[in-house]
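Peer 1: Listed below, chain by chain, are the residues.
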Amino acid sequence: MPKPKIAFYWCASCGGCEEAVVDLAEDILGVVEAVDIVLWPVAMDFKKKDVEAMPDKSIVATLFNGAIRTSEQEEMAHLLRRKSQVLIAYGACAQMGGIPSLANQFSRDQLLRFVYEQAPTMADEPKSRPQTSFQNNGHALTLPQFRNVVRSLDQVVEVDYCIPGCPPTPKITKAAVGAVLEGKLPPKGSVLAPDIALCDQCPRKGSKPADLSFTQFKRPHMVKLDPELCFLAQDVVCMGPATRGGCESVCTRGNMPCSGCFGPTSRVRDQGAKMLSSLCANVAAKEEKDITQTLSGIPDPVGTFYRYSLASSLLRRKVDLPIDAKKSS
Amino acid sequence: MNSATQQAWNQGNLNANAAAQAQRRRVTIDPITRLEGHGKIDIFLDAQGDVERAYLQVPELRGFEVFSIGRPAEEMPQITSRICGVCPTAHHMAATKALDDLYQVEPPPAARKIRELVYNAFVLEDHALHVYILGGPDFIVGPQAPPEKRNVVGVIEKVGVEVGKKVITMRRRLRELIAYFGGKVIHPVLGLPGGVSKGLKPEDLPPFKALADDALDFALFTLQVFKDLVLKNPDYVKLITGDTYTHRTYYMGMVDANNKVNFYDGLIRVVDATGKEYAKFPARQYRDFVAEHVEPWSYVKFCFLKPLGWHGFEEGPQSGIYAVAPLARLNVADGMASPKAQQAYEEFFNTLGGKPVHHTLANHWARVVEMIFAAERLVELINDPEITSSDLRVIPTAKPVVGVGVVEAPRGTLFHHYETDANGIITKANLIVATQNNAARIAMSVDKAAKGLIKKGHVSEGLLNMVEMAFRAYDPCFGCATHSLPGHLPLCVSIYDPQRNLVRQLTQS
Amino acid sequence: MRDTHWQPRIVAFFCNWCTYTAADLAGVSRLKYAPNVRVIRLMCSGRVDPQFVLDALARGADGVLIGGCHPGDCHYVDGNYKTLRRFQLLKRLLADMGVEQVRLRLEWISASEGERVKSVINEMVEQVRALGPLNLPGRFADWDREMTELEANIRTGEEQSARKEPEAAHA
Amino acid sequence: MNTNGTNGNNGNNGDIRIGFYICHCGHNIAALVDCPAVAQYADKLPGVVVSRDYKYMCSDPGQELIQQDIREHKLNRVVVASCSPLLHEHTFRDAVAAGGLNPFFFQMVNIREHDSWVHTDPAEATAKAKSLAHAAIRRVRFHKALEMTRVPIHPDVLVVGGGITGIHAAITLANAGKKVFLVEREPSIGGHMAKFDKTFPTLDCAACILTPKMSAVRSHPNITLWTYSEVVKVEGYVGNYVVTVKRKPRYVNEELCVGCQECIKACIFKEPKFPDEFNVGLSKRKPVYIPFPQAVPQVVVIDPERCIQVKTGKCKKTCLEACADRQAIDFTQKEQRVEIKVGNIIMATGFKLFDAKRIPQYGYGLYPNVVTSLELERLVTSSGPTGGEIILRDGRHPKSVGFILCVGSRDMKTNRWCSRTCCMHSMKLAQLVREHTHADVTVFYLDIRAPGKGCEEFYDKSLKEGIQFVRGRVAEVTDWALAREEEGKLVIRVEDTLAGFVRRIPVDMIVLAVGMEPQADAQEVRRMFNMSCGTEGWFLEKHPKLAPVSTFTDGVFIAGCCQGPKDIPDSIAQAGAAAAEALALIDKGYIEQEPNTAFIVEEDCSGCKSCVPLCPFTAITFDATKQKAQINAALCKGCGTCVAACPSGSIKQNLFDDEEIFSEIEGVLAHA
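Residue numbers (this note's numbering), protein chains in the order written: chain C, 2 to 330; chain S, -7 to 501; chain B, 1469 to 1639; chain R, 231 to 902.
Take the hints with a grain of salt, since some may be wrong.
[What the hints assert, rightly or not] Taking lysine-lysine pairs in the DSSO-like style, the calculated list, with each CA pair at most 30 Å apart, reads: (1) R:LYS463 to R:LYS476; (2) S:LYS193 to C:LYS219; (3) C:LYS4 to S:LYS193; (4) R:LYS304 to R:LYS409; (5) S:LYS201 to C:LYS50; (6) B:LYS1586 to R:LYS285; (7) C:LYS189 to R:LYS374; (8) R:LYS858 to C:LYS219; (9) R:LYS500 to R:LYS587.
[Unchecked claim] Residues on chain C that point at chain B, a partial pick, calculated with CB under 10 Å: (10) ILE69; (11) VAL237; (12) ASP271; (13) GLY273; (14) LYS275; (15) LYS287.
Since the hints were made in silico from the structure, they are not lab data. Don't be surprised by glycine CBs; every beta carbon is placed ideally from N, CA and C.
Looking at chain C on its own, in the form it has when it is part of the complex:
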């Protein structure tokens, strides 16, 4: 019996997800024995045509990381969707847009203009920008189109499962891959991680008082962080209560608060809104100006509450940004 085919692919991501799989090396040996990895750009020579040549649905599962920002990434998402029985969004970027989707607060033009024209080190005169197609001495060169919107994978193609995290931990990756191979998959659409918030497993859980209310929020650099005490009890915003567990509390063990990379639980549609709701409800102030004062300790609500999930949030993108229809950027 031929081994099941597995593929890995990346898009707008940092490569940390790939590293995470590499870090898993010693652990998933058993799994690897059992599968045939047909595509893994980080480790193997990859030819798109080879994938195109595969029969549809011939890949048992594709672990797809990274958000979608370019036309090329969209194409690959469609291609791999066609070729895969199970398409898994691997990591926060594929699942929710990730940190790159914070770019959804800015227009494509703002982005390109700054990077290629306004950056303090830009020296060219006249200014120019990369072109999606360019002729150079008869050499036709193309670049993929840079999209207006950063998208999570499920906003481009249908996704069967998600493995959360920035990056996902070896433990949940191993469990997920095992589940795929054993065919013991939960209902479609599930996130393959515990469906309970991080506090459940946080070593600091016990230190949080049951009557906590906030008179101020302190930014982490403003306070000497107690290595044992719940961050919220130190007035430092921690996304743990609104974030799915399963990461083994690595950040709080590193004495920094959770920033939410595992995304919300299945019962929450918008991670940021929920965290905002919970934190604000527990603000002590009653007078409008005192409330404002307390909340001024959260200077960047979007970046704080949607650090990894802006693309998949209910609003998705700063709503008044233009759509630049031009093909060349």
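Following the hints, position chains S, B and R against chain C.
Peer 2: For chains S, B and R alone, kept in the frame of chain C given last:
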């Protein structure tokens, strides 16, 4: 959607076939690398089948500089680490240092030492990854070896199972040290302006002391492996010193007060192709020396020395193109700040004909020299009595305005530059990523290698690999991408079982 | 496209005890106000999950109105304070996300203030009307059009040919 | 077993079969909303099996229609679009239950108060009705079978306020065998009524009718009377309130004091020196005093602000000596806080009088002979500071007296409302003035309001007794004489709106008929008791007609002037009504509550504790063993604040769950 997409592809294929008739021959290596996204090389051949021009393209952009705007500055170490999951620690540290500068705050000695400890551990494990798994196979196994051998599997066959174990164990242990301080090894969280979030408990010290000693042994062992397998092979030496991979450019790197190599802190020094100091400046002055150029065919920006200006992809003293990363660092420094590394440094230059060395492939060796230095720093730092101090933070009080931080990432000089409002909210960010410094030289290398190697339309797997070697030596972040393992096994995962035993499937091909 | 027929749509979340009752009173008093508001009854404005606000906007509401008891009047002691605090930060968040301030409004309307239901609704409808449609479903569709135009962005022939070539090269 | 329908069609599994009904409400809805069109629209929505419009859904045939359809069409969800759910939700739930369905498989759409009555455009009103119906039809799908929760009622009652209203309510309840706690802020019960001489329109002696009731309170075995005490905290909910009462130290042991008043005589202050509150400052008292002769309890009180011993600890304590071996005086008393459990609370906190100084043109506080109606009341009382003699400040008897009505009432600049009693009260005083002094009396009025039983006759009597009535709002009171006859007098300048010219009328004494206002601390009090106030600040009844003594908080009732100005008979009637409401609850033994409680899904809860401090009813606790939060359903009032706040979505709420509300949002936006 699926059917529409299918149609689109069909249409595209039709067009392709039609266009193919009219096209000159063309070779695409896609994708190859990872800067921000993958890279690809397009090589254009002329009618004779010789290379007209090879382009290294980076087809992706994420725009961190822009979406950093509006974020609290103290979040930058964590946000910018997502630029790269391979070298998150480098971004994390550059950002953290930029925050120190922003808030004009000096971390307590223990915090500084922890940062350096973590950072050197990171450089060491990252270099080890490259030497043994990503770039190394080019040499250890040989550039013309069959592809299924030209990977870590082949390396292990050549150097032995025990070595393979050693590499993997050492990387794991080093990464555990990073995770101890940083929470996680991929995207650590320890950096804060004026210190680090977490210290070292005295009871946790002994295993790390042992690790540091083992790391030094390992680094020295690696040098020996390199000497045995590469330097003793005249073909390889010829390859390294051959013209195909040689450019006479400027070099940039960080040096300490004694002009010795330092990864974490110091001044940026630039030397010209003769090794003469061209400039030496603190991070804050980077804008006087570094500028960027845009090519319409790549999303990556090409750095050059600002006073010299951009003159296209060319060598020579008038061209502002410069190199960073191990070879550049060795070229700009007067030596290494630790004895064994100094020894290796001297051997390096003595062997390759004195300073500066212009052979791109010498980067591999320079990397090994740096591994020794990183390991020696580890030993020094972990034995520093202050390393277990709990005095880890200075709470900033200054009004933030602008901060620039620089570190030597494994892949070269990395600048983070932030400007903020009085509340410490980012109003402007500029990032000069390590590989960007090298981008122009890499492009030249690829072009030169392609031209030198591909003749009369003869393109073999081995030749393509040698083209790839031109940029892989720079280790441009996931230079590994093209390391094919057509023998089905992914290179990193298939080697050891949980008991760290080498497993049979390795020979499968 | 249908600007001439466009009417603002406002989703309102009214607490059972004060604002909903006040809206009943407005009815009993036969006050006349703009028909653009759809009221969803909740027991307390404290039940208004910011997700509801975002969901309503994302589903096509041009504005969201939250009505609760006056501070100190909450039937549940201080549910409305929780709403006020959420509202403050949510409003900032919406501003950061490009949603105009008047599209989200919080009003304290006691059970006896039927008149205020009328004036608040009329005022808000006019303010939102002046802004024009938010139409997020339409904007989402506009954003995603770049994906449906995939054909146009598929590599043109020359590139596709390149993809064919390596085979020859390897041969 | 199929008739009760609790199995098959009640379950959440299987097909959803919705019946939709739109009510014409005669013309109330149908005049504006195209009901058949809405019914047609609803008929096409997913899950709708039956869709009808009908003239009066709340009528018996209307309800029967629903029940019949439930049986015939096997409906398992019902939506009715008609009036406000606050009015008829129970009606239709009962109808649905009678049809064999769980009553909570029902959702109501408000298209009368929120639609047909407030809009004018039929097309827009119809569109709105459709989208509201759509929302309900989507929502009802998620409804679950629920049961009303029963909360047992603690039989004891707290009455707050010891005026005539509170007294009557307390006695009524006590007579029914219920234990009553009567809490009064002042040292004695009696309230305003105790200060009155006679009461209108019968002119019977106020003390004669009040004193026996006060005594009854004192002696009733079922009444615990706490004077000089205030409620400081109210927790819990209907049937189970926990109330904290602050008992201020009176430095006299109530059990031991027999009211002999020897201590007052013996006080180091030989003469009364301090304004006497009971006589509105018209007389003086000592630091140790008894508020008035009939005070209940008959116990002295020591004013801590005046008593040298309390203030400095350096008094000879002659009072102690006078009290001798009774040892009732106790300077070591401290403020006490007592916690009591009661099932119902009756608020009878009364009113305060308008401060006449707020209308400076009437000269109160400036001219000594401008007095308030209550001051005059004390003057005419035989037990008052002057022994019933009506005298001016200089001791003369007034020859002419003017009454200015509506001072702080029916006045856009102060209070808009009519205080209801001042016309009658003023006429009563006018008659008494006539009787006592034979002075000329002129009443300046806007309208004479005499609607109570015997009141119009009393007005007639006043006219017959020669009291002058001048219609018009008095512009000012001045002592600036323009004519000889005005010298040494107070001149009332008024536009006589009947005569049609401005008059100047000189008098010796002016009585300001000050109106009633909510108590100064009404806002704090209502917050403490979780009640609402109208815009004027009076405690708000649940329904002005149908539930005049109920509040929006179950188990808290209001009676007397705290709800709005009223006279003694009305106050007593409300006191009885409130007592009856409380008795009804107590004797039923339990109250049914909406099962809209929140609950935590244990396996989903991460134990982050974010919800715990949010609950004002302390229904949420943290289970340290399980490391999860949990909600005590008996304490939960169903506000849903914790549901909205749970950062991991692990709290659900019956009747208002996320999916129900999200589906409503989707529904109201589905129909453009």
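Peer 1: Which of the numbered hints above does this structure break?
Peer 2: 3, 4, 5, 9, 11
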